[in-house]
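Student: Given next are the chains, with one letter for each unit.
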Amino acid sequence: MPIKQIGIDIPKVDANNKVRGVAQFGADLSVSSPLHLKVVRSTKHHAKVIKIKTEEASRVKGVERIFTAQDIPGKHLVGTITKDQPVLVSDRVRYVGDPLAIVAAQTIEAAEEAVKKVEILYEDLPSVHTPEEALKPHAPLIHDHGNLLIEFQVVKGDVVAGFKEAEVIVEELYETTWVDHAYMEPDAGIGFMDEEGRVTVVCPSQNVHYDQKEVAGVLSLPLEKVRIIQCATGGGFGGRLDITVQCLLALATYHLKRPVRIVYSREEVFDVISKRHPLTIRYKSGAKKDGRLTAIEVEILGDTGAYASYGATVGIRSAVHATGPYQVPNIKVRSRMAYTNNPWSGAMRGFGVPQIAFAHESQMDLLAKAIQMDPIDFRLKNALTIGSETATGQSLMASVGIGESLRRVKTWRDQLISVSCDSPRPHLRRGIGIGSMWYGIGNTGIANPSTAQIEILPNGEVRLLTGVADIGQGSDTVLLQMASEALGVPIQEIKLIRADTAFTTDAGATSASRQTYISGNAVLQAIRHLKQEILREAASFLQEDEADLFVEDGEVRHRKKRCISLPIREIAKRTQKRFKGEGSYDPETRKLDPQTGQGAPYATYAFATHLAEVEVDTETGKVKVIRVVACHDVGKAIHPQNIVGQIIGGVAMGVGFALMEEYIPGETTSFVNYLIPTSKDVPEVIPILVEDREPSGPFGAKGVGEPALIPSAPAILNAIADAIGERIYHLPANLERVLEAVKKSKRGGKTWQPC
Amino acid sequence: MEVNLRFTLNGRMIHVMVPPHWTLLRVLRETLGLTGTKEGCGIGECGACTVLMNGKPVNACLILAPKAEGKSIETVEALASQDSLHPLQKSFIQHGAVQCGFCTPGILMSAKALLEDKPHPDKEEVKEAISGHLCRCTGYQQIIEAIQRVGEKVKR
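Respectively, the protein sequence lines represent chains A and B. Quick note on numbering: the first sequence equals residues 1 to 755 in this note's numbering. Quick note on numbering: the second sequence equals residues 1001 to 1156 in this note's numbering.
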């Protein structure tokens, strides 16, 4: 029986353990008699550290050891791109939350008591809290290399000529704020020396091989002396791309040579894990009255906080995506990221694209209104198609589903408008809005390879080995589906070994919506190589010409002799050999020119359009999102139900980004003052999949993790503007901002025909 | 100082000695090793630690252990029998209601209490019943479908 695994909804392979409560997350891991770790953290925004006094804390009963930066044998600084973030601070704290010391104690209580007794002598330094301030000529320096982390430009055509040609020009300022990932599992994990003498850390992660490199550097150990294992991971959304608890656990394990355990509180997660970058975006765009965009000029300024983390990525990616999924002939985008003494910003679902999409989609509606064109028709007129050239000068050769997503949503919009009516209560206003997006799959214009192996052991066991961290999104399931389909072996007969540096090789991060596409391709290549090896062996075993043999449905078959068909696992058993296929894949990209930003940063792009229907209470400012139609071009849907799950979850996060979520440094401590959507805040989501196959994708697949979130907030904000006749330029559109907009609205909102 | 604590846990009588300031959640996870019940916030805001106390969903992080004295406590570990999953667990898998899975045990317990109280809830009733649970991955829709479908099956 041929195996058909692609495009079907098999049970997610991790779900059974999760519904039974037996999947082990960071705080569930057991290890014998661990010492408990707690971290001493900075209470200052910016200060020199004069002395860390640990004597009194050391005397607390149960305290075994207190570690400071002096105990670090290797590198003191970590960071995904720029290594500027101390594992433990020795000289200068740069934000409230910087780690200064680790207490290891026999009980949690003793560790907590000792943390309070560690005394830090500081000398205050002036602190900086906005990127504008940070970039002033005489601003206090946060890092010796200056407060500007990155400046990046995308320049194409002639914007002066483009704006001259424009018949309508719109220019506005958009602002977004810090957003917390709010993954449900607080960071936690264990450390121990494994049976082979490796410093071993088990914790939630989005990239164990990155963690391994950082820990090895910090401990000054060869890579093979450090082992990182990803446990069940309660969400990530980018927050677990950086180092969280890994180095703390590893440092304590290295010195103590005994098991240790750490569990962050929710407050600690809010305090010390990265945030979404607040961006200020000045956006000017022009169009002809016939609806053609002529030029955009965009200035992006972001707050990366105390440390670089993914600030450069966010700066570059937001600039590259600034046009939205549209053809614009004349472009000038400048993007800068500045250090401040605020909490550090890092990767969060979309790397700056959700922020820039809020701006470009608001602009599209404003322009459409100015030229009195239907907002969907206006988008369609400018939408990228096959053969289009992007802002970076890349020609799109295939799988450009933006037009189709707009057309599918338009059908919905037209139906909704024909049946929509306002509530009989006049203070409730309804509106409909559109948001579109594009998103480059994988890292931006740099190598981002993945590797994988597939093995058949002499006992016939099939093993798929991958470094990919499944953080709940379903990569385990999807990679197994692909392996099963390509190899012709049922899924339940393939053993998955993943995200343990002792057994698997680097697959890169679970980020940038890249694992289905990039690691999927690596798995397929591994299988091609495995098949070659099997055919070679089969030819000699069967004494047939290798060229006459092929693998199909898990069997070696002969092109002419029908009687020859031997399951591939039988070949391993009968020859008592182990077969291994190595696979790797690095998407074809062309790096961006540092002056002009021209290049081909991604091998493929995902596209999407959302429609949001909202009801605005003009008395309270409350916005209810009633429905979101979410249409996504995903290439080929390997597991449609997983994709739908990503989309609905992305919309929910988009509702939070649009209306509710605002992390306030020094104030946000819990879910009491950081609200994320509950079951009562989420709209009905109608997912629509457009499967415009990507020729370079595994079975035609692209990615959807981040695209799912990106168009929601723009669609919701456009719907609010439609409802009340006034636009909000600052996220989130909370009660105060909505009421302010209502007050400003000259028309007092849209008038609807009664039903 | 520790206190005696007796309660019924997943149908079996339990007797433990615990510090009186410990929460029920801590007793379940640390003393009894039942880590299916999760701690997401520690202050009753996220619902990840939901267990049933005398059939009603409660946040175990807010219940001081002595309050469990004499009560019947059910956790996610009690849902599946030796050889088969509870209908809610099956339905969650079938409907794609599990992503990272951290909120799943708590929501399952609230769903169980809901269906015992109201075997055929409508969508709004399901939304209400799980409104004390935060889930960051799913957007709730597939969870709501999974719960409702079990209710429909019970009806048939």
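Certain hints may be false.
[To be verified] Derived BS3-like pairs: lysine-lysine, alpha-carbon spacing no greater than 25 Å straight-line:
no.: 1; chain 1: B; residue 1: Lys1123; chain 2: A; residue 2: Lys624
no.: 2; chain 1: A; residue 1: Lys624; chain 2: B; residue 2: Lys1127
no.: 3; chain 1: B; residue 1: Lys1056; chain 2: A; residue 2: Lys622
no.: 4; chain 1: A; residue 1: Lys257; chain 2: A; residue 2: Lys289
no.: 5; chain 1: A; residue 1: Lys622; chain 2: B; residue 2: Lys1118
no.: 6; chain 1: A; residue 1: Lys44; chain 2: A; residue 2: Lys83
[What the hints assert, rightly or not] Derived DEER-like restraints, expressed as beta-carbon distance ranges:
no.: 7; chain 1: B; residue 1: Ser1072; chain 2: A; residue 2: Gln106; range: 46 to 56 Å
no.: 8; chain 1: A; residue 1: His143; chain 2: B; residue 2: Glu1030; range: 34 to 44 Å
no.: 9; chain 1: A; residue 1: Thr620; chain 2: B; residue 2: Pro1019; range: 54 to 64 Å
[What the hints assert, rightly or not] Which chain B residues stay away from chain A? Per the calculated CB distances, all over 10 Å, these:
no.: 10; residue: Phe1007
no.: 11; residue: Met1053
no.: 12; residue: Glu1069
no.: 13; residue: Gly1070
no.: 14; residue: Glu1116
no.: 15; residue: Pro1119
no.: 16; residue: Gln1141
no.: 17; residue: Ile1143
Note that these hints are calculated values from the structure, not bench results. For clarity, every value in this text was computed on a predicted model and none was experimentally measured. Glycine included, every Cβ here is placed at the ideal spot set by N, Cα and C.
Student: Tell me if the straight-line CA distance from Lys624/A to Lys1127/B falls inside 25 Å.
Tutor: holds, 15 Å
Student: Going by Cβ atoms, does Ile1143/B stay more than 10 Å from chain A at every point?
Tutor: violated, 8 Å
Student: Holds or violated: are the alpha carbons of Lys1056/B and Lys622/A at most 25 Å from each other?
Tutor: violated, 32 Å
Student: Would you say Glu1116/B is clear of chain A, with no C-beta pair closer than or equal to 10 Å?
Tutor: holds, 18 Å
Student: Given a hinted range of 54 to 64 Å, is it respected by the beta-carbon distance of Thr620/A and Pro1019/B?
Tutor: violated, 45 Å
Student: Would you mind confirming whether the straight-line C-alpha gap from Lys622/A to Lys1118/B stays at or under 25 Å?
Tutor: Since the Cα atoms of Lys622/A and Lys1118/B sit roughly 31 Å apart, the hinted pair is violated (cutoff 25 Å).
Student: Is the Cβ of Gly1070/B farther than 10 Å from every Cβ of chain A?
Tutor: holds, 24 Å
Student: Next pair to validate is Lys257/A with Lys289/A; report whether the Cα-Cα distance is within 25 Å.
Tutor: violated, 72 Å
Student: Would the non-interface assignment of Gln1141/B survive a Cβ cutoff of 10 Å against chain A?
Tutor: violated, 5 Å
Student: Does the alpha-carbon distance linking Lys1123/B and Lys624/A stay inside the 25 Å limit?
Tutor: Roughly 17 Å between the alpha carbons, so the hint for Lys1123/B and Lys624/A holds.
Student: Using Cβ atoms and 10 Å as the threshold, tell me whether Met1053/B really stays out of contact range of chain A.
Tutor: Fine: 17 Å to the nearest Cβ keeps Met1053/B off the interface.
Student: Starting from the range 34 to 44 Å, see whether the pair His143/A and Glu1030/B falls in it by beta-carbon distance.
Tutor: Holds, at about 42 Å.
Of the numbered hints stated above, those contradicted by the structure are hints 3, 4, 5, 7, 9, 16 and 17, listed in ascending order.
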